[in-house]
Amino acid sequence: MKFQVLGPVEIETEDGTQVSPRALKLRSLLAYLCAHHGEAVSSGRLIEALWSGAPPQTASTALHVYVSKLRKHLQSLDLDAAALITTQPPGYKLRLIGCDLDVYEFDRLLGTAREFRRNGDREKASKTFEQAISLWRGQALEDLRSIPAFESLGRRLDERRSFAHEQRFELELELGNHKALVGEIYALLDDRSTWENLYAYLMVALYRSGRTAEALATYSRVRRNLVEDHGIEPAPRLQRLQHAILTHAPSLDDCGADQLVGVNAA
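For the sequence shown, our numbering gives the first residue as 1, with consecutive numbering after it.
Think of the hints as simulated: they come from the structure by calculation, not from any bench. Hints may be right or wrong, so weigh each one.
As the list claims (entries may be wrong) - Straight line, CA to CA, 30 angstroms or less: simulated DSSO-like cross-link-like pairs of lysine-lysine:
1. 179 to 127
2. 25 to 69
3. 2 to 25
4. 72 to 93
5. 93 to 69
6. 2 to 93
As the list claims (entries may be wrong) - Restraint-style ranges between C-beta atoms, simulated for each label pair:
7. 231 to 192: 17 to 23 angstroms
8. 98 to 228: 48 to 54 angstroms
9. 148 to 177: 39 to 45 angstroms
Quick reminder that beta carbons are idealized off the backbone N, C-alpha and C, glycines included.
Let's have the full structure, built from the sequences with the hints guiding it.
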């Protein structure tokens, strides 16, 4: 059985059947505990999340009821609900006993990828980052993002995926796989119009693929987005990259991607 929060909140059986509770409060409770797995989450924090800062007077009692209902749902799936969700002051803790959790697997893979990179094995590092990214099925907590606490929590989780993407793009550029990256990065830009690091990786990939004009057009695109949407110019590192492309600087071919883009390696 797998709990999933890297996308819509789901409980998935081994055969791929979705068996999540339908009730919004139960899904929200499960999601919050999953996102903080292994941590004792206080009743106050859960109440704040579930009722968006405006709890009823009966919220404490209602929370106990929802925990009981969630345990019953898990028990109906032949899981040890009492061991999975334990009562631990100041609230409750989710323990991964007999179950998998996608965000736990994601963090484990990130750690493995960073270890490969530290040891100089860039190919394994890149493949492991790719494996971690493949766990995502959309935005984190996608079906709960209309709830303020879960929008904030989802954004924090999404940032970890962005980190994985950037680390992998660095590695792929270092490995000389620039041509294969172009289409992949273009696809990500559809809903990330001001992600400067992503544009920088694309500019490097295009330039190294012999597509200088497109690399410069990419800079113009992100500059236009930043100026029109936020009234700001691109960061100095992106301006330096544009100048390096205009002058065909030798460093564009010789330097590692992290030096060109200005992102620190893991």
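* Verify the proposed pairing of residue 2 with residue 93, using a straight-line Cα cut of 30 angstroms. => It holds: about 17 angstroms lies between the C-alpha atoms, which stays within 30 angstroms.
* Between residue 231 and residue 192, does the C-beta distance stay in 17 to 23 angstroms? -> Cβ of residue 231 to Cβ of residue 192: about 19 angstroms, so the range 17 to 23 angstroms holds.
* Hint consistency between residue 93 and residue 69 [alpha-carbon to alpha-carbon, up to 30 angstroms] -> holds (16 angstroms)
* Asked: Are residue 179 and residue 127 close enough, with their CA atoms no more than 30 angstroms apart?
  -> holds (17 angstroms)
* To do: Quickly compare the C-alpha distance for residue 25 and residue 69 to 30 angstroms and report which way the hint goes.
  => holds (10 angstroms)
* 39 to 45 angstroms as the expected CB spacing between residue 177 and residue 148, which holds or is violated -> For residue 148 and residue 177 the Cβ distance comes to about 40 angstroms; the hint holds.
* Please work out if residue 2 and residue 25 have their alpha carbons no farther apart than 30 angstroms. => Distance of about 20 angstroms is within 30 angstroms: holds.
* Agreement of residue 72 and residue 93 with the hint, judged by alpha carbon distance not exceeding 30 angstroms -> The given pair, whose Cα atoms are some 16 angstroms apart, holds under the 30 angstroms limit.
* Asked: Do the Cβ positions of residue 98 and residue 228 conform to the proposed distance bound of 48 to 54 angstroms?
  -> holds (52 angstroms)
When each numbered hint is compared with the structure, no violation occurs for any of them.
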